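Student: Sequence:
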Amino acid sequence: QGRAELAHEQHALALHTQQSETASLSLNTSQQHLELVAHAAAEAAVQRAALEQSVSELDLLREGMREERGKMEQEQQALETSVDMLRHQHLSMLQQRDEVQAEHTVLETSVDLLQRSHAQEAAALQALHA
1090 QGRAELAHEQ HALALHTQQS ETASLSLNTS QQHLELVAHA AAEAAVQRAA
1140 LEQSVSELDL LREGMREERG KMEQEQQALE TSVDMLRHQH LSMLQQRDEV
1190 QAEHTVLETS VDLLQRSHAQ EAAALQALHA
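Under the working numbering, residues 1090 to 1219 are what the sequence shown spells out, in order.
Since the hints were derived computationally from the structure, they do not count as laboratory data.
Bear in mind that the values here come from a model prediction, so they are computed numbers and not experimental data.
Every residue gets a Cβ at the ideal spot worked out from N, C-alpha and C, and that includes glycine.
Keep in mind that the hints are not guaranteed to be accurate.
[Claimed, not checked] Distance windows between CB atoms, simulated:
#1 1091 <-> 1126: 47 to 55 Å
#2 1132 <-> 1104: 52 to 60 Å
#3 1184 <-> 1162: 31 to 39 Å
#4 1132 <-> 1101: 43 to 51 Å
#5 1214 <-> 1176: 41 to 49 Å
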(Lines of atoms letter the chains of each structure in order from A and count residues from 1; the text may use other names and numbers.)
(Lines give C-alpha, C1' and ligand atoms only; values in the text may rest on other atoms or scores of the structure.)
Protein backbone atom coordinates (compact mmCIF):
# COMPACT_ATOMS: atom_id res chain seq x y z
CA GLN A 1 0.00 0.00 0.00
CA GLY A 2 2.84 2.43 0.72
CA ARG A 3 4.36 1.66 -2.62
CA ALA A 4 1.08 2.28 -4.38
CA GLU A 5 0.74 5.60 -2.59
CA LEU A 6 4.32 6.45 -3.45
CA ALA A 7 3.77 5.52 -7.08
CA HIS A 8 0.56 7.51 -7.09
CA GLU A 9 2.34 10.52 -5.54
CA GLN A 10 5.22 10.20 -8.02
CA HIS A 11 2.72 10.04 -10.87
CA ALA A 12 0.86 13.05 -9.46
CA LEU A 13 4.18 14.88 -9.06
CA ALA A 14 5.20 14.01 -12.64
CA LEU A 15 1.79 15.15 -13.88
CA HIS A 16 2.08 18.38 -11.86
CA THR A 17 5.63 18.93 -13.21
CA GLN A 18 4.39 18.37 -16.76
CA GLN A 19 1.52 20.80 -16.16
CA SER A 20 3.97 23.35 -14.74
CA GLU A 21 6.22 22.98 -17.77
CA THR A 22 3.21 23.33 -20.09
CA ALA A 23 2.08 26.42 -18.16
CA SER A 24 5.61 27.82 -18.33
CA LEU A 25 5.74 27.23 -22.10
CA SER A 26 2.31 28.82 -22.45
CA LEU A 27 3.47 31.78 -20.39
CA ASN A 28 6.61 32.14 -22.54
CA THR A 29 4.47 31.94 -25.68
CA SER A 30 2.12 34.59 -24.28
CA GLN A 31 5.06 36.83 -23.39
CA GLN A 32 6.50 36.44 -26.90
CA HIS A 33 3.07 37.20 -28.34
CA LEU A 34 2.82 40.31 -26.14
CA GLU A 35 6.29 41.39 -27.26
CA LEU A 36 5.25 40.96 -30.91
CA VAL A 37 2.06 42.93 -30.28
CA ALA A 38 4.05 45.68 -28.51
CA HIS A 39 6.54 45.74 -31.40
CA ALA A 40 3.69 45.92 -33.94
CA ALA A 41 2.06 48.71 -31.92
CA ALA A 42 5.34 50.63 -31.87
CA GLU A 43 5.71 50.19 -35.63
CA ALA A 44 2.10 51.31 -36.12
CA ALA A 45 2.80 54.41 -34.00
CA VAL A 46 5.87 55.22 -36.12
CA GLN A 47 3.87 54.73 -39.33
CA ARG A 48 1.04 56.87 -37.97
CA ALA A 49 3.50 59.65 -37.10
CA ALA A 50 4.97 59.40 -40.61
CA LEU A 51 1.48 59.57 -42.14
CA GLU A 52 0.58 62.57 -39.99
CA GLN A 53 3.79 64.27 -41.13
CA SER A 54 2.93 63.49 -44.76
CA VAL A 55 -0.57 64.89 -44.27
CA SER A 56 0.90 68.07 -42.75
CA GLU A 57 3.28 68.44 -45.69
CA LEU A 58 0.43 67.89 -48.15
CA ASP A 59 -1.64 70.53 -46.34
CA LEU A 60 1.27 72.98 -46.64
CA LEU A 61 1.64 72.17 -50.34
CA ARG A 62 -2.10 72.62 -50.88
CA GLU A 63 -2.00 76.00 -49.13
CA GLY A 64 0.99 77.03 -51.24
CA MET A 65 -0.87 75.99 -54.38
CA ARG A 66 -3.91 78.05 -53.31
CA GLU A 67 -1.71 81.11 -52.81
CA GLU A 68 0.00 80.53 -56.15
CA ARG A 69 -3.39 80.15 -57.87
CA GLY A 70 -4.52 83.45 -56.30
CA LYS A 71 -1.40 85.21 -57.56
CA MET A 72 -1.86 83.75 -61.03
CA GLU A 73 -5.51 84.88 -61.10
CA GLN A 74 -4.44 88.41 -60.11
CA GLU A 75 -1.76 88.40 -62.83
CA GLN A 76 -4.32 87.19 -65.37
CA GLN A 77 -6.71 90.00 -64.40
CA ALA A 78 -3.89 92.53 -64.72
CA LEU A 79 -2.99 91.15 -68.16
CA GLU A 80 -6.62 91.26 -69.28
CA THR A 81 -6.84 94.89 -68.12
CA SER A 82 -3.65 95.69 -70.05
CA VAL A 83 -5.01 93.99 -73.17
CA ASP A 84 -8.24 95.99 -72.88
CA MET A 85 -6.26 99.23 -72.55
CA LEU A 86 -4.10 98.34 -75.57
CA ARG A 87 -7.21 97.55 -77.62
CA HIS A 88 -8.70 100.91 -76.67
CA GLN A 89 -5.45 102.68 -77.61
CA HIS A 90 -5.33 100.80 -80.90
CA LEU A 91 -8.90 101.80 -81.75
CA SER A 92 -8.12 105.40 -80.81
CA MET A 93 -5.03 105.37 -83.06
CA LEU A 94 -7.07 103.91 -85.94
CA GLN A 95 -9.62 106.69 -85.47
CA GLN A 96 -6.85 109.33 -85.46
CA ARG A 97 -5.38 107.79 -88.63
CA ASP A 98 -8.77 107.98 -90.34
CA GLU A 99 -9.11 111.65 -89.29
CA VAL A 100 -5.60 112.45 -90.60
CA GLN A 101 -6.40 110.70 -93.90
CA ALA A 102 -9.62 112.71 -94.19
CA GLU A 103 -7.69 115.97 -93.54
CA HIS A 104 -5.10 114.89 -96.11
CA THR A 105 -7.83 114.32 -98.69
CA VAL A 106 -9.30 117.77 -97.96
CA LEU A 107 -5.84 119.37 -98.32
CA GLU A 108 -5.20 117.56 -101.62
CA THR A 109 -8.53 118.80 -102.93
CA SER A 110 -7.69 122.35 -101.82
CA VAL A 111 -4.26 122.14 -103.52
CA ASP A 112 -5.92 120.93 -106.75
CA LEU A 113 -8.44 123.80 -106.63
CA LEU A 114 -5.66 126.33 -105.96
CA GLN A 115 -3.60 124.96 -108.87
CA ARG A 116 -6.61 125.20 -111.22
CA SER A 117 -7.37 128.70 -110.01
CA HIS A 118 -3.73 129.69 -110.51
CA ALA A 119 -3.72 128.20 -114.00
CA GLN A 120 -6.94 130.13 -114.87
CA GLU A 121 -5.46 133.36 -113.53
CA ALA A 122 -2.27 132.80 -115.53
CA ALA A 123 -4.33 132.15 -118.67
CA ALA A 124 -6.41 135.27 -118.03
CA LEU A 125 -3.25 137.39 -117.53
CA GLN A 126 -1.79 135.98 -120.72
CA ALA A 127 -4.96 136.82 -122.61
CA LEU A 128 -4.87 140.39 -121.27
CA HIS A 129 -1.28 140.90 -122.33
CA ALA A 130 -1.85 139.49 -125.74
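Student: Check the following: the C-beta atoms of residue 1184 and residue 1162 are separated by a distance inside 31 to 39 Å.
Tutor: Distance hint for residue 1184, residue 1162 holds at roughly 33 Å.
Student: Has the hinted range 43 to 51 Å been met by the Cβ atoms of residue 1132 and residue 1101?
Tutor: holds, 46 Å
Student: Using the C-beta atoms of residue 1132 and residue 1104, is the stated range 52 to 60 Å upheld?
Tutor: violated, 42 Å
Student: With 47 to 55 Å as the target window, see if residue 1091 and residue 1126 comply at their CB atoms.
Tutor: holds, 51 Å
Student: Range first: 41 to 49 Å. Now tell me if the beta carbons of residue 1214 and residue 1176 are that far apart.
Tutor: violated, 57 Å
The earlier numbered hints that this structure contradicts are 2 and 5.
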